Amino acid sequence: MDDEENGLFNIEISDDSSDEREAKLARRTGQSEEAWKAVQRDYRAKVENGDICSNIKLPIGNGASKAELQELLHAVEEMYFFRHYERAIQFVSDVLTQSEGIDDETRQMLVIYQDKCRRKQKLKIETSQKQSSSDNVEQPGN
3 MDDEENGLFN IEISDDSSDE REAKLARRTG QSEEAWKAVQ RDYRAKVENG DICSNIKLPI
63 GNGASKAELQ ELLHAVEEMY FFRHYERAIQ FVSDVLTQSE GIDDETRQML VIYQDKCRRK
123 QKLKIETSQK QSSSDNVEQP GN
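When the sequence shown is numbered by our numbering, its final residue is 144 and no position is left out of the sequence of numbers.
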């Protein structure tokens with residue numbers, strides 16, 4: 003019988019009053035209607051034009067925010083996506099040599115992208131060399 007009194011079915015149900023619910027909602031939103039309207043009025047969307055790295059100021063000092071570190075990664079990812087491998091390799095080298103405020107996780111991700119870009123750049127060069135050598139081979143019957 004002790005199991006029934008202290009066990010699984012010993013659930014306490016409470017009835018929150020409407021005042022408590024409103025207080026909980028106010029804590030959750032944490033912003034007045036006037037403050038929200040001010041933010042909404044002054045908000046401007048950040049539009050990226052495909053050149054994130056040009057907006058990054060190096061060196062990144064100590065105490066860099068998470069957003070600043072993420073922007074570094076986004077810049078490298080963008081260059082990788084657009085196949086600007088050589089530029090990405092140089093950008094990561096500049097960031098790693100000039101900046102002290104990069105955490106270990108971001109540093110590791112930058113190195114991973116740099117390695118990926120090096121492999122892709124090498125493959126790109128090999129492919130273009132094969133293509134040019136096959137273009138130089140004379141076709142029979144010409």
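Everything labelled a hint here was simulated from the structure, so no lab data went into it.
The model shown is predicted, which means the values in this text are computed figures rather than measured ones.
Keep in mind that a hint or two might mislead.
Stated by the list, open to error - So the derived label-pair ranges between C-beta atoms look like this:
hint, residue 1, residue 2, range
1, S136, K59, 44 to 50 Å
2, Q100, E128, 28 to 34 Å
3, T129, D44, 35 to 41 Å
4, K118, L60, 20 to 26 Å
5, W38, T99, 20 to 26 Å
6, Q100, E79, 18 to 24 Å
7, E70, A47, 41 to 47 Å
Stated by the list, open to error - Derived lysine-lysine pairs resembling DSS-like cross-links, with alpha carbons at most 27 Å apart:
hint, residue 1, residue 2
8, K68, K132
9, K122, K132
10, K59, K132
11, K132, K118
Think of the CB as a built atom: it goes at the ideal place given N, C-alpha and C, for glycine as much as any other residue.
Hint check results:
1. S136 <-> K59: 44 to 50 Å: 45 Å, holds
2. Q100 <-> E128: 28 to 34 Å: Taking Cβ atoms as reference, Q100 and E128 lie about 31 Å apart, which means the hint holds.
3. T129 <-> D44: 35 to 41 Å: For T129 and D44 the Cβ distance comes to about 50 Å; the hint is violated.
4. K118 <-> L60: 20 to 26 Å: Since the Cβ atoms of K118 and L60 sit about 21 Å apart, the hinted range of 20 to 26 Å holds.
5. W38 <-> T99: 20 to 26 Å: 44 Å, violated
6. Q100 <-> E79: 18 to 24 Å: 20 Å, holds
7. E70 <-> A47: 41 to 47 Å: Cβ of E70 to Cβ of A47: about 19 Å, so the range 41 to 47 Å is violated.
8. K68 <-> K132: Given that 27 Å is the threshold and the Cα spacing comes to 43 Å, the pair is violated.
9. K122 <-> K132: At roughly 15 Å apart (the allowed maximum being 27 Å), K132 and K122 satisfy the hint.
10. K59 <-> K132: 39 Å, violated
11. K132 <-> K118: 21 Å, holds
When the structure is compared with the earlier hints, violations turn up for hints 3, 5, 7, 8 and 10 and for no others.
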